[in-house]
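Peer 1: So the chains spell out like this:
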Amino acid sequence: MSDSVIGVARPRIDAPDKVTGATRYAADGYVHGLLHARPVLATEAHARIRGIDGSAALAVSGVVAVLTAADLPIVSAGTDRTSEPLAREEVVFAGQPVALVVAESEAAAEDGAEAVVVDYESLEAVVDVEAAMEVEAPLARTVEETDDEAGDLESIHAGVDHGQADDPEEKLSGNVLDRITREQGDVAAAFAASAAVVEGTFRTPWVYQAYLEPQVCTAWLEPSGTLVVSTSTQGSFVTQREIARAFDLPLERVRVVAEPLGGAFGGKFALVEPLAVGAALALKRPVRLVLTRSEDFQATNPASAQVTHLKIGARPDGTLTGIEARMIVDRGSNAGWGVEGISSLLVAGPYNWEAHDLRGYGVQTNRFTFGAYRAPGAPTAAFALESLLDELAKALELDPIELRLQNAVGEGDVGVSGTPSPVIGAREVLERIKEHPLWATRDALPEGEGIGMAAGHWPGGLEPAAAVCRVNSDGTMTVVTSAADMSGVNSGFAVIAAAAFGLAPDQVRVVSADTTSGPYAGGSGGSKVTYTVGAAVMRAAESARQKVLAAASQELEIAPDDLEVEDGVVRAVGAPDRSITVEDLAKKALRFGGRYEPIEGHGGSAQTSGAPSVAAHLSHVRIDRETGEVELLRHVIAQDVGRALNPALVEGQMRGGAAQGMGWALYEQLDHDEDGRLLSGSFLDYAIPTAEHVPEIETLVVEVPAPDGPFGAKGIGEAPVVGAPAAIANAVAAAAGTRLYELPMTPPRVWKALRS
Amino acid sequence: MIPAPTRYARATDVDHALELLGEPDAKAIAGGQSLIPVMKLRVARPALVVDISRLELRGIEERADAVHIGPLTTWSELASTGLPAGLQAIPECARGIGDLQIRNLGTIGGSVVHADPASDMPAVLLALGARLAVRSADGVRELAVSDLLLGPFTTSLGAQELVTDVVVPVPSAGSGSAYASVEHPASGFALVGAAALAGPEGETVALTGVGATPFVLDGDPATAIRDAEIYGDRFASEEYRRELAGVLVERALARARNHAKGDR
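From first to last, the protein sequence lines are chains W and X.
Note that my numbering numbers the first sequence so that position 79 is 79, with each residue one more than the last.
Note that my numbering numbers the second sequence so that position 105 is 105, with each residue one more than the last.
If you want the ones that stay clear, here's a sample from chain W, every Cβ over 10 Å from chain X, calculated:
1) Ser173
2) Tyr520
3) Glu583
Part of the chain W face toward chain X, derived, beta carbon under 10 Å:
4) Glu106
5) Ala109
6) Asp111
7) Asp624
8) Gly628
9) Ser682
10) Glu692
11) His693
To spell it out: a stretch of chain X is covered by chain W in this simulated footprint if at least three of its residues, at any positions, have a beta carbon under 8 Å from a beta carbon of chain W; those stretches are:
12) 225-237
13) 242-249
Simulated from the structure, these hints should not be mistaken for lab results.
The beta carbon of each residue, even a glycine, is placed where N, CA and C say it ideally should be.
Turn these sequences into a full structure, and let the hints guide you.
Peer 2: Below, the structure written as structure tokens:
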């Protein structure tokens, strides 16, 4: 049965509603008596708030309230965005919400927000992350408040250890909030024994998730006292915990409903919810906050800017020796967590090293609040490493793919994390691009063209999860989970349940339940949903199958072991005419006086072994040597996906990831002026790859089954973005004859590199 | 993203439009592709929006030695209408503006009077020596495009004046024109754009994106670019734009010369 269900390309189950506009997003629902909120955003990057005058705003017809930090009934301490959704006394980035105007209409709220007057006392803005580390540097935040509970969001993406002890010798400013050290072996000796050692400093900017649907939340109190939070979020339970913590509410009084997502890419984990909830609780009326695009650019949580100093070496035969990294992560105002841990782990790549010294620094500045972005910290790490691997190959006159293949991590190899690697498809994906005809053409290209390759990987997250599979009286199945349907995971659940139970996939519906009624699932992120929630769905479907077999066994008087379920029919093995449909059995169960237990299964998973995914890319570019423009001609991505439950969705993730990587490579950067004011806060200034720029992307699906994954499947959403910028950088280096060490590779930067 | 409160009135003819524009802080709107975005950002907050989109100021007509382009003519119309030989730069430029939706609504008149220092078509009009007919209560005056553009988003138009005709002289036989640009990857506006006209009487080149207004280069282009005041910002430095100006002028001229030879 499973062979005809698993691995068949089919449309996403949510596609018809999405393309016809029938999907109702968090901003669409009708709520009686709804008020509309508009934030007032800080115009200074670092300042003390002397006062906020809302009197003119309150005079605007329709304005109900002007709320400041003191008006929100928040009890949790700390400077995290849950505890401090409105700046209390100190503004720490331009765009930080400082007040909320709530009105009867969106227009009145906007008119009111414009009329709020904030009196600032300017403080020195800390904008340069490297300067911020120096002992004498001014602090990006002068008021100190800590809350040990605030680190909950970090574990969503990858449970990363914090390495070993800090180096006590290194004197740094109070802006350095976290230092990670991972050391093993003698790196200096490893470099000394190398035939070639290469190094460089790589820079990547703040990058915006650029989801279609801006951040939005609606909150209201039911007459019973239950708080309902209807929101665009990746994680309903994490949002429930954050709201309960901030407002000191019992968990059972907070019902979080994860509405259909209009894109998230890591950026939607309890950010605007405390604002809408705070206003709803303060005013005792339903409140909706829908960020405008420019507010979303300024006030949310993009990917960190990073500076990476990297040095690597190899023996004459290409065996990698030592790796030394110093990775500086700009956390902006985020005191709770940063990507210095994961990034300084991933900078070693899916390769074996004899010795390593990897350091990560999380540094506060007056820019944004850092947040997660598809494969947090990984594209930067791969950009640095894969650029230098090409330089190493050049120095040793080795083929770049052979160099990587020779050192690729295999199952059981102990990487820089210190633990043996699970099953990993690094070699398999490298072999696939090595065989690609495009790679063979790289030395015979016209002037101005170049081909580059790179690999990138993501370790894959873990979190226990549960699911329910219920057979309805018409013989169809309903799968219930609390995972936010992101990147098509619900469509994957339908296939898993259908195959595990014995139904056609179109007979399966998937419901995303809320925190009151649904089984537990963590946030949709970290490439873990299919691997963990999917495994729970599989077990729930198997459990339901046992129920249907038990009922059929009584009806047919045949032992359960001699029965099989296929396409909604239970049959005797070897005697197919002795059968009964799942629908008939369900009807016998689901009725007054029925004889059988409802055909319903519950399943859970607590995966302990990760399922990393590796993707290798080939990029073909043409550069205009006079203008510095880079044209993407062709892109190939080979990714190990474990098992492609639905190849159409898998290839969609691969294409989307590669396209986002093109944005990192050539277009995207959130830039501030020297005072910390955002310069690229609209799509007129912030470029994302569009249909005009993205070339044909060829997808090569490589299947190295994950032993613990449902049908061998694993999370594949993050890996495809990781190596794409590096592959494009290597292609540009091949075309230009010179390398760029900073992303994005804009025309002025390429032009400048060509002249230096 | 909601504009400040404003009133709206639709003009029935040019005289009516001029009368409506007499109100304080009134602003004419045609395709809305420049005005609406700045209104939504509340950078522009007119008290009255005068809709001139239904006025009969649309269409392309060749009369005597000139092509008359109604200011309400859209980019899509300019991109697809056959023009006399020598005016290749106009459709070439129009095809590269915005996206299809913008080209279906955006108008040549709206673009010129918006006076964005990086807009494309004004450079083409400058290179082609275009003139504008401007109506007011006092009658019609004519002025060169270069006399309209005073600075960024600033023109010499009075509050109660409307452009009613864009007059492009047909170049003499054996002429060709072209437009070349490098765009900002987000906005699509020109980091540098160069328009060129090449013909028996000589060559004219205009630049956009590099200064307070698009302008014509006097004399030898290379020298003029070297001496020009060039704007730079954090995305594209003055040095880069100056170099790019030289490259794009050469490319526009080369294509204009090819067009002149009848090579399309």
